[in-house]
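Enquirer: If you're matching positions, the sequence shown starts at 1 in the numbering used here and goes up one per residue.
Hints in this document: simulated from the structure, not taken from any laboratory. From the three backbone atoms N, C-alpha and C, an ideal C-beta is built for every residue, glycine too. Honestly, I wouldn't trust all of these hints.
[As the list claims (entries may be wrong)] Estimated spans, in silico, between C-beta atoms of each pair:
hint, residue 1, residue 2, range
1, 91, 60, 36 to 44 Å
2, 231, 88, 46 to 54 Å
3, 157, 43, 21 to 29 Å
4, 46, 291, 41 to 49 Å
5, 207, 231, 27 to 35 Å
6, 132, 219, 34 to 42 Å
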Amino acid sequence: MEDSRKLLRRSVYSFLQNYQFFTSIAAVLAFPYAISVLLSQTVLPSSSLFSSAFDHFRALFDAAGFPISSKFFSILIQKLSQTVVSSIYSLPFSLTFLLISKACVIQALNQQKPSLEPSFSSIMSLFNPLLVTHVCNSFVFVSVNATVFFLLFFAFNCLQGFGFFFSPNWIMWVSVFGAFLYSIAIAKAIIICNLASVLSGMERKGGFMAILKAWVLIQGRSATALLVALPFNMGMAGIEALFQYRIVGGYHSRERLGGWVVVEGMFVAYLYSVFVVLDAIVNTMFFKSYRMGYGMCLERKRCVCCWMDVGEKEGEGGWPPLEGL
1 MEDSRKLLRR SVYSFLQNYQ FFTSIAAVLA FPYAISVLLS QTVLPSSSLF
51 SSAFDHFRAL FDAAGFPISS KFFSILIQKL SQTVVSSIYS LPFSLTFLLI
101 SKACVIQALN QQKPSLEPSF SSIMSLFNPL LVTHVCNSFV FVSVNATVFF
151 LLFFAFNCLQ GFGFFFSPNW IMWVSVFGAF LYSIAIAKAI IICNLASVLS
201 GMERKGGFMA ILKAWVLIQG RSATALLVAL PFNMGMAGIE ALFQYRIVGG
251 YHSRERLGGW VVVEGMFVAY LYSVFVVLDA IVNTMFFKSY RMGYGMCLER
301 KRCVCCWMDV GEKEGEGGWP PLEGL
């Protein structure tokens, strides 16, 4: 299994090796999804759906006994509402353009000659497994959020039972622990779901079985998977902030949408789609690296078994010389 630096270098090399295909086909296919994500975050403040989701989450957390007046839970409720509403707005594009773009990347890196462009039929043959896995990934994210919130609910009720509920220090420490636990759980869920998508495309079998295989795959390799995925996810977060600053901020300051603002917005959205492609490439290379390392491990075990069989056939209580293997 390669370390994170080698995987990143190999991923960038694969991107540059097929630069024309990834930037002209895969990135263009991801472009509508990128626009939907960036624009959905722009219309959130004035969205009635966001206000409704925020009120429902606030009432739910209040009924569960969480101190919603604390800064941590205020930010958590707001970010959770933004994530849910943004996902709803971009759902049609994530189920079509995003999955087809990922299929392009997986098929391009999985074929015998990566320099050749994959055919349209081979790309579309991956769509159904990716779609099924994408839907199952949504249930995984809901389950992870529900599990973390249940643990927080249990912790705060224990504090209330021991009489520490109204202590600001205890609330602060439990909130810090909750933020840490939530971040780790979500990060691991993202890694598992991304690898499950790649695995379903490679094996053409989607669903919860692909997610289970991805979970087994990263056991003992979570740090490597996180370090590999972190740069491109941070890059996408930075592009989202750039869009808010340059496009949305420029529109509010001038109170009009000029031609150059539209062009700049399209360029930022295209840059976001390129990072989506890079993220798919690095996940695919991570899976291929694991599969190659697993194959070498099986080959070594096979050689050892053959060596032991030869020693047993000798019947002299000794092993054959290693030089002959």
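Enquirer: Work down the list of hints and note, for each, if the structure agrees.
Expert: Going through the hints against the structure:
no.: 1; hint: 91 with 60: 36 to 44 Å; in the structure: violated (22 Å)
no.: 2; hint: 231 with 88: 46 to 54 Å; in the structure: violated (28 Å)
no.: 3; hint: 157 with 43: 21 to 29 Å; in the structure: violated (37 Å)
no.: 4; hint: 46 with 291: 41 to 49 Å; in the structure: holds (47 Å)
no.: 5; hint: 207 with 231: 27 to 35 Å; in the structure: holds (30 Å)
no.: 6; hint: 132 with 219: 34 to 42 Å; in the structure: violated (24 Å)
Hint check: violations occur at hints 1, 2, 3, 6; the rest are consistent with the structure.
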